[in-house]
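Just so you know, the protein sequences line up as chains A and B, in that order.
If you want my numbering, it's the 1-based position in the first sequence plus 148.
If you want my numbering, it's the 1-based position in the second sequence plus 148.
Calculated from the structure, these hints are not laboratory results.
Being a predicted model, the structure only gives us computed values, none of them experimental.
Incorrect hints may appear among the rest.
Some chain B residues judged to face chain A by a derived CB distance under 7 Å, without partners named [said to hold, decoys possible]:
1. LEU245
2. ILE291
3. ARG295
4. SER339
5. VAL343
Reference listing, derived: stretches of chain A covered by chain B, where coverage requires no fewer than 3 residues with Cβ under 8 Å from a Cβ of chain B [unchecked claim]:
6. 185-196
7. 201-211
Once the Cα atoms are required to be at most 30 Å apart in a straight line, the calculated DSSO-like pairs of lysine-lysine come out as [claimed, not checked]:
8. B/LYS342 with A/LYS201
9. B/LYS342 with B/LYS201
10. B/LYS272 with A/LYS198
11. B/LYS342 with A/LYS198
12. A/LYS272 with B/LYS198
The beta carbon of each residue, even a glycine, is placed where N, CA and C say it ideally should be.
Number of protein chains: 2
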Amino acid sequence: MADRPPRRIPEATVARLPLYYRALLEMAEQRIPTVSSERLAEMAGVNAAKVRKDFSYLGSYGTRGVGYDVEYLLFQISRELGLTQDWPVVIVGIGNLGAALANYRGFSARGFRIVALVDADPAKCGMEVGGLAVEPLIDLPRIVAERHVAIGIIATPASAAQEVAELLVSAGVTSVLNFAPTVIAVPPGVSLRKVDLSIELQILSFYQQRRDEAEGGRVALGGMS
Amino acid sequence: MADRPPRRIPEATVARLPLYYRALLEMAEQRIPTVSSERLAEMAGVNAAKVRKDFSYLGSYGTRGVGYDVEYLLFQISRELGLTQDWPVVIVGIGNLGAALANYRGFSARGFRIVALVDADPAKCGMEVGGLAVEPLIDLPRIVAERHVAIGIIATPASAAQEVAELLVSAGVTSVLNFAPTVIAVPPGVSLRKVDLSIELQILSFYQQRRDEAEGGRVALGGMS
């Protein structure tokens, strides 16, 4: 019973923590001091029992009749997610999407600091985007080593994504976020997540379809439900 | 017992359907005919009991020892999510992000058809992006009516997002997807979803932090875990 091993948090709970975090941030901005598991559940789209179970992994149990302290829960989740650390990020592929990500305010606010923009196209190198000059892909190993890059974002066309993933991994990056609309593979020990920009659209179409059915078909689409 | 009301699918199940759909599409591309709830659970990041429960809402129960039929499950989910329909989409705000979304292959593959690109900046109007000419914001009501727009995507700066949401709603759009990094409000009866591009980064940082701790700190970051 010497060194306590880190608590094991289920993968599904980890995936929900950013949703709670976002909901709690909104409340903090509105200076709401406490929140019930029911309200948080509603905002994050899960049930209240699940919220309480998820927070129990963080050692947070709330107070009966009062709920959870918003600021303290924000601190606990940001610590658990590693948002209290500084994470140097490189973006590879500076087309429209890469440029949009380089300018995205939401990253730096969470501790994700873009330290380099890289592109294979020599014509783009030197171009300034979001305050950084685009650098050549060939310099990636040096950039990763010198700037202690922790996370690599792939924003290339689908055809280049696998090759870029391999370059990132061989340069020592162990966390990869893929925005390219294709499936890529990484070796064991490297974390890979994929962003599918169409997921939220699919959820919208579910509800829109339900509404249309309730209104008697797409004819009624122009009206308000 | 006359007209059966539509089955009530819990919101959390709806939010997981696109994740299953994406995993099943990958399997279909690899010509895998059947899948176990355990394998799907792993790919979607939930537990297997949850997968079976979610699919029971679709009336899909799988076969013991065989699992679920990939193609049939794809059909069921796409029907449930409304992906078998055509959804005309307008994108408002054609900066880097709007342009990236206009060119994003993943939308049309799911039935989301971009029918218009709109921007408030007269200098952008007429510019061609992803095969469409950018149109002025003032034409939004006519565009929505004539092209039966079902879903509006907001890709403007945060400061313009609320005003654009109101324009979309007053033009008759009842589904809004917000990419702007700010909280906006819509009237009851309008569906609103928000894309936070930093969510997957937060999940990566959770695992990266765990790995770093296991390796004795950030010093080991350059090495492979």
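Do the hints match the structure? See the list:
Among the interface hints, the one on B/LEU245 holds; its C-beta lies about 4 Å from the nearest C-beta in chain A, closer than the 7 Å criterion. With its C-beta approaching chain A no nearer than about 12 Å, B/ILE291 sits outside the 7 Å limit, and its interface hint is violated. Interface restraint check for B/ARG295: the shortest CB-CB distance to chain A comes to about 11 Å, outside 7 Å, so the restraint is violated. At a threshold of 7 Å, the smallest CB-CB gap from B/SER339 to chain A is about 5 Å, leaving the interface hint in force.
Given hint, B/VAL343 at the interface with chain A, holds; its Cβ is 5 Å from that chain's nearest Cβ, closer than 7 Å. For the region 185-196 of chain A, the proposed coverage by chain B is satisfied: 3 residues have a C-beta within less than 8 Å of a C-beta in that chain, meeting the threshold of three. Proximity of the region 201-211 of chain A to chain B, defined as three or more residues with a beta carbon under 8 Å from a beta carbon of that chain, is not established by the 0 residues found. At roughly 25 Å between alpha-carbon atoms, B/LYS342 and A/LYS201 fall within 30 Å of each other, so this suggested pair holds.
A distance of roughly 26 Å separates the Cα atoms of B/LYS342 and B/LYS201; the hinted pair therefore holds under the 30 Å criterion. In summary, the hint linking B/LYS272 to A/LYS198 is not supported, as the alpha carbons are separated by about 47 Å, beyond the 30 Å threshold. Among the hinted pairs, B/LYS342 with A/LYS198 is consistent with the structure: their alpha-carbon atoms are about 22 Å apart, no more than 30 Å. Distance restraint check for A/LYS272 and B/LYS198: the Cα-Cα separation of roughly 47 Å exceeds the 30 Å cut-off, and the hinted pair is therefore not satisfied.
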